[in-house]
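Student: Going down the list, the protein sequences come from chains P and C. If you read the first sequence in my numbering, its first letter stands for residue 1, the second for the next number, and so on. If you read the second sequence in my numbering, its first letter stands for residue 1001, the second for the next number, and so on.
Because the hints were derived from the structure by calculation, they are not lab data. All figures in this text were calculated on a predicted structure; none of them were measured in a lab. What you were told as hints is all true, and nothing was included just to trick you.
Computed list of lysine-lysine pairs in BS3-like fashion (alpha-carbon distance at most 25 angstroms, straight line):
#, chain 1, residue 1, chain 2, residue 2
1, C, K1275, P, K180
2, C, K1031, C, K1354
3, C, K1267, P, K393
4, P, K7, P, K74
5, C, K1371, P, K266
6, P, K238, P, K143
For reference, the chains in residue letters:
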Amino acid sequence: MDLSFSKEDLAFRDEVREFLATSLPDDVKERFDRGLHATKEGQVRWQKILNEKGWLAPNWPKEYGGTGWTVTQKYIAAHEFGHASAPIALPFGVSMVGPVIYTFGNQEQKDYYLPRILNSDDWWCQGYSEPGSGSDLASLQTKAVRDGDDYIVNGQKIWTTFAQNADMIFCLVRTDSSVKQQEGISFLLIDMKTPGITVKPIIGLDKEHSLNEVFFEDVRVPVKNRIGEENKGWTYAKFLLGNERNGIARVARSKRQVERLHVIAKTERSGGRPLAEDPDFMNKLNRIEVDLMALEYTELRYLSMMSHGKNLSAEPSVLKIKGTEIQQRLTSLLVESLGMYGAPYEAEQNYEGRNEAQVGPDYGFGPMAEHLYLRAATIYGGSNEIQRNIISKMVLGL
Amino acid sequence: MDFELSDEQNLLKDSVERFVKDNYSAEARAKLSETETGFSRNHWKKMAELGWLGLPFSEEVGGFGGTAVETMIMMESMGRGLVLEPFLTTVVMGGGLVAEAGNDTQIEAIIPAVIEGELMLAFAYAEPQSRFDLNDVETTAKKSGDGYVLNGHKSVVYHATTADKIIVSARTGGSSRDEDGISLFIVDNNTAGLSRRDYRTIDGQRAADVTLDNVKVGSDALLGSEGKAYPVIEKIVDRAIAALCAEAVGAMQAAIEITNGYLKERKQFGAPIGKFQVLQHRMVDMYMEAEQSKSMSDMVAMKLGLDDVQDRRRSVAAAKAKIGQGAKFVGEQAVQLHGGMGMTDEYSIGHYFKRLMTIEMLLGNTDYHFKRYAALA
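With the rest of the complex left out, here is chain P:
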């Protein structure tokens, strides 16, 4: 047992720090620090810089373009990225479909899609949820019927994040309705420009457009766009969901939020004194900090187990549950720190059309948008209640 960093680790930390200080564009950093979504252009620009450095996909095997970092190096990099408010790659390509392709895809699919993901040529989105299939994902109804070398896809996906920006969607579709739900699902990669696909925006409670409905009407998808075997898609889907939990604790970002709260608390006033001297407020912040420390060391402990070849079952669900609870407590406290200036709020497209400055303090722009958006954190990726079901079954055997 040992918590210390080697000389090489410290040199690596300096390298990451130096890279972020010189290469992270100010506009990308500022939006991320405030808790705003990156613009499509900004995100792609930054991902290309990351790819040029070879750091876009730290979790991929080296042969496909991964970094080959040790567990400790990954931890250090995540920490430095969070501290510097540097976004990581969007998950849909790098963290979700990428590993499915290099694990279950054929050579042609690997050769074509993986470099395009690394180079940000395709913006991916995730076609999982349907209006009738949320937590009960295996009940999905979108149908794919074989017609020669194509499937014909009909149905609807929902809650599709950034589908409006997407070039590609990976989709779970039903290819056999006569068998058990889980045994009739296939995994398709679909070009968003294919005739018959319609994207309709869903405006969120943050008044922003990040979610969508995606409709499929007689959409022709080449059979060669299927991953693995027909009707084996549930296996690949579960593999993807397992990977989705990697990094979902978002410890480094939450640490950055703690730093922001300390800064704001020095400026805001309560009872004629700095908010940083208000014991009720600081008590909440301290308790979050301690819970965050427990989360951080739990993630490290699990990483250490994995790097020693131990298989985890549902332990990462703990990281999802606790990590998202902490994210929400932090953004809630950020909003609280603003006092009455938590209330003024406009969607970004309205805000950008104005000539006046932000109402209230500059740091007041962002926290509410993130607070509202992150209410989804305990819902997406398998709701926290579903995560509890998973732990109950897999770990406790109940």
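Given chain P's structure and the hints, the job is docking chain C onto it.
Tutor: What follows is chain C alone, placed relative to chain P:
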């Protein structure tokens, strides 16, 4: 960065777990805690033979050179069986203070005897008004001739009854809450003027309130430099807190296993009650507390070996606060999920609940350590 145990450490863990399995069934523990001393001197002898009592001491003082990680391993495994022997008070606290601050004569007189299992120690640091503040010392030690005269009242001294020597914190200078001016004295339990009120504690152990009424000790009783004991006390108490955290982890894990087993057996409404989602989710919340507590306990055991004092204090405070909260939650919910069975003295779960509750309060409760954490920012 590595959380895995070495082969040797795994052997130690197996060995302590075997001891607990062989000697600490719920019935055996209940019986033992009802005896006069509340623990077994035979067990203590066995622990000495196995080398456990010498493991935390450095080789310079005759120990076997273990670290806080070995202490963590032993305490965690002992926590699983709610072991009653005074390892924490004699070895970690008493022995720790002597090894840290003692002169050669004191070390030679005490440490080998502790390692052999022939000498027991207790540490009297708390007072009625001090609550959890180690610096709040009103007991006085006045220079008199070649020695000192001690007067004061020490609270809830665990295992004072069976200790051969009690290490007492007393003020040789400064005012009642100063960190400066505190000294440590090694006092024989049978010294004239020392009286005890012995009692049982809710966790099945023994403690005493100790009154010092003109207790005369020689200058050789002074442990460390006069007036400079505070940093030593804080350091050893931090180690003891880490050990207590590990014990809590073991006790939480065992309480969860027992409760989980009960949920699979107990049937109501025609099904094992573990099939009900509301109980499943409660069990998961308990499991998550234990997982996080394990991470904090491992973290703090490793941090004790590093040199950064401020980081050590903050990490210990955070760990005790987090684990104290988790311990209370797991203990209370374990009783709740057992229904009426959880309320009985005969069934084991109540004993886990009670020890977890005392662990939360010993050496500073959750609120205290959150405040300490904040003050160290």
